[in-house]
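Make the complex out of the two chains shown on their own, each in a separate frame, by following the hints.
Spelled out, the chains give:
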Amino acid sequence: MSNQDLSVVIGLEVHIQLTSLQTKLFCSCSNDYRGAKPNTYICPICLSLPGSLPVLNKEAIGFATKLAIALNCEINHKFWFYRKNYFYPDLPKGFQISQYNKAGGKAFGDGGQIEIRKNNHKKRISINRIHLEEDPGRLVHKGSITTSPYTLVDYNRSGVCLIEIVTEPVIESPEEAREFLNQLKAIIQYIGISDLELEGSVRVDANISLKGYERSEVKNINSFKEVERALRHEIIRQKNLLKRGKSLTQETRHWDDKRRVTISMRSKEFEADYRYFPEQDLVPIEIEENYIDNIRNILPELPNERALRLQREYLLSEFDSENLVLDKNFADFYEQGVNIDPSFGSEEYKQYCNWLMNNVSGWLNDHNLNLENTNLNPRHIVDLINFITQGRITSKIAKSYLKDMMEGKSVSEIMKWRGKTRISDKKLLREYSIEVIDQNPKIVKDSRENLRAVEALIGKIMAKTKGQADPEITRSILMDLLKKKRII
Amino acid sequence: MKFYELMGYELIEKIKNREITASELILSTFERIHNTEDLFHSFVSFSEETAVVQAREYDLKLKKGIDIGKLYGLPFANKDLICIKDFPTTCCSKILKGYKPPYTATVIKHLNKEGAIHIGNTNMDEFAMGSSTENSCYGPTCNPWNTHKVPGGSSGGSASAVASGQSVFALGSDTGGSVRCPASFCGVVGFKPTYGRVSRYGLIAFANSLDQIGTITRCVYDSALIMEIISGKDQLDSTSLDIKVDNYREHLTKSITNKRIGIPKEFFGEGINKVVKTSVEKAINKLESLGANTVEITIPHLDYTVATYYLICMSEASSNLARYDGLRYGYTSRDLEGDVYDFIKHTRSEGFGDEVKRRIFLGTYTLSAGYYDMYYIKALKARTLIKKDFDEAFKRCDCIVSPTMPITAFGLGELLKDPLQMYTIDILTCPINLAGVPAMSLPCGFDNNNMPIGFQIIGNHFDEKTILNVGYQLEQELNIYRKMPIIKK
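Same order as they appear, the protein sequences are chains W and C. Once you know that position 120 of the first sequence is 120 in the numbering used here, the rest is easy, because the numbers rise by one and skip nothing. Once you know that position 324 of the second sequence is 324 in the numbering used here, the rest is easy, because the numbers rise by one and skip nothing.
A portion of the hints provided could be inaccurate.
Unchecked claim - Chain W stretches covered by chain C per the calculated footprint, using a threshold of three residues with CB under 8 Å from any CB of chain C: (1) 125–136; (2) 178–189; (3) 279–285; (4) 366–375.
What the hints assert, rightly or not - Under the rule of at most 27 Å between Cα atoms (straight-line distance), these lysine-lysine pairs were calculated in the DSSO-like manner: (5) K78/W <-> K85/C; (6) K100/C <-> K37/W; (7) K417/C <-> K37/W; (8) K244/C <-> K58/W; (9) K102/W <-> K387/C.
Keep in mind that the hints were calculated from the coordinates and are not lab data. As the structure is a computational prediction, the values presented were derived from the model and not from experiment. All C-beta atoms in this analysis are idealised placements derived from N, C-alpha and C, irrespective of residue type, glycine included.
Excised from the complex, chain C in its bound form (with noise of 0.2 Å):
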């Protein structure tokens, strides 16, 4: 048996009964991340040190019989962009070089809690802005199923380190699909919740009125798990929402006959790759052999939600981008010509990568005095006709299924010199942000180069329970959730 091909309830399952011991994960975990991380590239850095005291303090207390909470030392990657205290959070970006934050955002605190041990952080593209973690400042990612091709992203290192079983559970942040994107691509489990059920704070925003955190797992019930430990109302957060957290595990097992699967045509349409299209039909089948019925619905604004998307979250992030100016902390330029704002330019001229800065020119023009109406306002109109799309939608159904993504992962370099396609392949993913509402991507199939096909599951506000559950039953039924790449060294 080797611990990384087991799953996080597994794993807890055997600390739990003595079988094997915090330590021995935690040392297993970083064999496993050193045996494999120079092909994968998942990982910007690493707590060893502190994770295996944290493990060996674990032991000791469950040997007293001390309680260590639910996750009984289940290590965790964390995506570089939740704070930690003291601990480098960098965004992939230059401009954070070096950056400590002095606090830790609450999803952590969360974790720590129950007893997950952080053991580094993941690769991202700069600032989440991008679908395939090549605009990362410590360089690409590769996807654990072809090192030729791109993992997605912006959540590709934590894709990546979950898929090849470096992490058992890691974290991620989605504002268009960052993290179902690369969870799809890499033939894991993405969960993005509803706006407000989990904390943003200590989350560096990219764009705040749609990020927010998810968890890349490998199976349905770990999602499940993790999802309960880390939602809930924060004082912290004033956009998160105080409602009730389900217990989602107990929902998983529960029959889907009768659910009503909403089907949208929109979704299916012709810029879907045939082999995904069939893969995800196949999965709904399963679906209906469930005894679920299928509804069609329709997202009459799907043709608008990319140009939308885009113009909210540059917008939004123009502003959130505008602290990096130097003066205290992060990357700091040597050139000393001029006045402040000359050694603003410098800084950020100098930190920001390509898509960063272009994000910030396309939002600081959205914004400006004579274009804001056209553009901002007329994207806010927009994002609420996508919102009553989706109210329409669920007033006739329980969830929503699509392809995650319209295609399979994609080479390494394959779309950098066209980013509006980049930005096209977010077509499935962003209007969910743009609702708010939440999702699931969950493996249903591989193409013909043997690549995950992501199976989206689409949920009303608040009600993750029903697309854990209906994600649950399809996972058991389609059956290949334990598949894992071949590793070839």
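If we strip away everything but chain W, and leave its shape as in the complex, we get (with noise of 0.2 Å):
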């Protein structure tokens, strides 16, 4: 077998920062902090000072929680932090405050899962574990690391809550990565942890091998759009090292964003040993059963469980309600959308669907921006599709509609405004008309058979005109034209 076919395994570990939470996991200073001069938003805590303690901030508990119950991963009643011990810079301790499952210490929560769509059917990601801990602080070059010449150590960040998610070893390519961070990404932003859209709040390393050989661990994929690219970067290199003969080594490397290639850190031997121990300046964790309830309670719909719904109460299919979903924004706008107007049906309810995932959500990503940035009514896609239904518009000129109505504008009134600026004045419009009858002598031609063809003349002029051509006038400039030249 070639080792071109070898099948992929991958497990992800990602960072997320809870950018929701007020103040930082174990001091009260903010957490808010991008945008800050560098070194404003600490404390004796978070600058880890001679003597000062850490206290725990019991908001971060219940978003682990939030998370946990999401996931499905079993929540462990009683807990102690663990000291990771190495010195870096960004380290003021000389040790990361954060969770681990060996040597008597215990995550989080363990298992759990996330469904994720592969081709026509669903697979599962089971999760090994999740768990808290903080972030360091952040180091700052001038240009790139290696050129700059010097570091300087910015500690607002250091001491902001992480939550790290674990995968099993069960991902089998790229794509099925980007899903399972997608399906992620949404239960996230249902239960509202955390601002994923935020510079600097996602994290993810990645184990990479392929099968039968040794892995490399690929650190610092600093969002969930560079993670499929280092993917395929990665299994590309370890299959040329076969190709040519080479072994393969465990190690660990680093993802350039820029040069968008893997560098390679430190090989096994070099594997850092972090002495963990139990953090006894805090009191091990209990969360009792009856508190898990009560957050169960509060708990929002999560994605997977809206997607049911829109099938059931919209009639959308599962790949229509599984798409819409994953934003909350647009399927927050979708049910305020197609509530507005009692007569929808089946048939609306899947036009205002197609509406924002192919239209809206097209021109968003042309224009990179999000839902939340535009002034677009939920009211006048309404509008929209009532429009095309009683034929007042057809779809083709509804689409030349987005633009204003992502300013805000209702349908009727870019209709009025583009009445105005229509092309009413015949002369010129008998002009242009004589323009293509002479420019298409073929489309000309073929009229004389089907009438259908004066509808492409039209079209030409209106793309002449940029579409403010009197579409009704031009059409009988054109008949009158064609009559007189016998034609028709």
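Here it is, written out as structure tokens:
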């Protein structure tokens, strides 16, 4: 078997900052350090000054409980935080307060899973564990890390709460990894524990191996989008090494997102020994069953539950509903919109969904915007669908309204405005008509057999006038001209 | 009458009754320090100016009838590892040279609120690692009873300051005996509360599961008074417990008739100096004469305590001291060869003393992959057994008594070359920290060279009041607590 056919085994460690917390994990400094002047969101605790002690932010336990329930993890009822010891300038204590699932330690939650779509069936990605830990500070370089003449340290981030989600090594392709992360992102958005759009709120480490060979761990992937790219690169790198008869070694690699390559950091023999042991400045954390139940009871609807409900209530297909729920803002927009017009039925529900998922979503992608950054009003899509149904505008024209609708304009406003700028000057339209008849002899000829070819000529005039020509006047002028030429 | 011969509670009465002023007391305190400090070297830094100003303010307030708290301007010395805002706090280590914390420890806040006046920080073994106060970057402290001897440690400066009348009381910290050992060697009262009784916020950690702030005073009454002030739950220390603080002073005068005094036979074994043993036994007889009953109890795992204690405290220390990397505060190496790891190495190699390095090495080793189960986990298991020993013992008695130290103060330099021997003298104090229970050392006599002998009383969890009660009764009966070293210049 060629090594190009070797199957791939991937496990992910996803670190998410709980940006929705008010304060850091072990002190009362603000969590919202982005954009702040360096080293202004610090105190003796997160700067780890001698004699300071951590005090647990109980809200973080609530957030982790929400995620554990959403992922179906088994929550551990009693655990210690552990110290992970290593030296680095961004780590002011010389250790990170984290959790550990060995040496007597326990994770926050064990097990759990996320279902992803794979071709036409579902695949379950098993989760090994989730745990809480503190974020270190941030190193700041001038330009690239290798050429910067200095390193600055900003401790504003030091002590911000992270939750780590570790999957089992069951992901078989970069696409599956992307699917998994999309689902995870949706769950986090629904339970509201983090805003993953914020820069630096996500960091992923990936373990990748070709079946039967040593694995490498790729660290420092700083966005979900980069993960797929980094994985593709690493798989090709490993396969190329094998192709050239080289062997693969267990090593830690670093994803350089500027150059889009992975770089070796250290091999296994230099693997750090973190000397994990219990953090006894904190008392053991105890989580009671009824605390978990209370959180379960207030947990909002999750994306998979919502997809099922959308299938039930709006008769959407599995595919459509699952796509729609991936972004909570889209799904909220959808439900708000389709409920505005009581006359809406399954046909309109589907149309509305298509409009959102194809046209709106496509437009947003092209313009690199999010729904929240626009002034699009759910009611305006309702109007648009109704106008189309009533034959007042064509789908094509409706699409050309999107740009204005994103600015908050209503459909009738746009129509009115377009009407004003419409070209109804017969002399001018006559000139355009003569021009297109001269330039398109084949279409003209066709119109002898098929009157619909006239529409094509109108389209040409529309293109020349950027859609501003009055279609009715244009049509009558064209018909006149064609008749005079005895073509029709 | 000399101020330095008086107990804290007596000085408070005099200020309260306007016989003396807080300023007079502070000035005489510094006069005493200036006259004696070159003999003992108890202090590493002073806050003379602010102390004098504060005393004046207190006097003004008193004149106007404004309440200044229970301590009425009483001076105190602080061990050099409890943080005071903008005051140098260095753990007597070169690595914290010049470090001034931007915040104040909870205990200090409690004392300030009750009108105590900080006069300076006292000498100690670097990062509280030692039993002789010889491991200080500022040089050793001498025992006021004999300046050729050590004061004990690690809170040796605090004990020597109180014993010599330089300070009315002092704070110390006790991880394996660091308050009780110097109290024993210097003939003063050292109190180590239950783990979780006093906030550790602002106490620079040596071994955080064992460290506890304690007091050093001339008499048991003063200990009870200060303990009432510094005890209690602190939101900033998750390990402090919300358990009611008793009015300890009320309990002092209670009768100890029928109190059950546990005598652990292992604490009177072979390694105990005969004179020490005899003196402690005599004190036990006094307790019996006061109506207490003695019960023989057993702490079967005592033999394992020194090994257990050192494994745990070194492991924790290796991690607690990792933050001293020269990047943010304290000592910074001038050697900038190499990368950031080299810089951290240079700073730590130059900044830490030998004993601290030894413990960091050993602690790092015992936490390392492959050794963790063999050493650290095993030590935790042994610790559980030792705790159980005490739990069992306290089913049969109200408090336990023993010598504090197996010996009296030894000569300066005598044990420096033998760290293992230095470790073993903690045998009677460190099990108390492993169990987390409170204990006190008070003087019960003198050896043939007129060196003080310490008597240890151990209580059950959060039962400080019984220790203080029994201790007070014994102190009154022995009536040697006013004896001070004769200071020859």
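Checked hints:
1. 125–136: It is violated, with 0 qualifying residues against the three required.
2. 178–189: violated (count 0)
3. 279–285: holds (count 4)
4. 366–375: violated (count 0)
5. K78/W <-> K85/C: Violated, because 37 Å separates the two Cα atoms, which is more than 27 Å.
6. K100/C <-> K37/W: holds, 24 Å
7. K417/C <-> K37/W: violated, 51 Å
8. K244/C <-> K58/W: Holds - the C-alpha atoms of K58/W and K244/C are around 24 Å apart, at most 27 Å.
9. K102/W <-> K387/C: OK: K102/W and K387/C at ~25 Å, within 27 Å.
Violated hints, in rising order: 1, 2, 4, 5, 7; the structure is consistent with all others.
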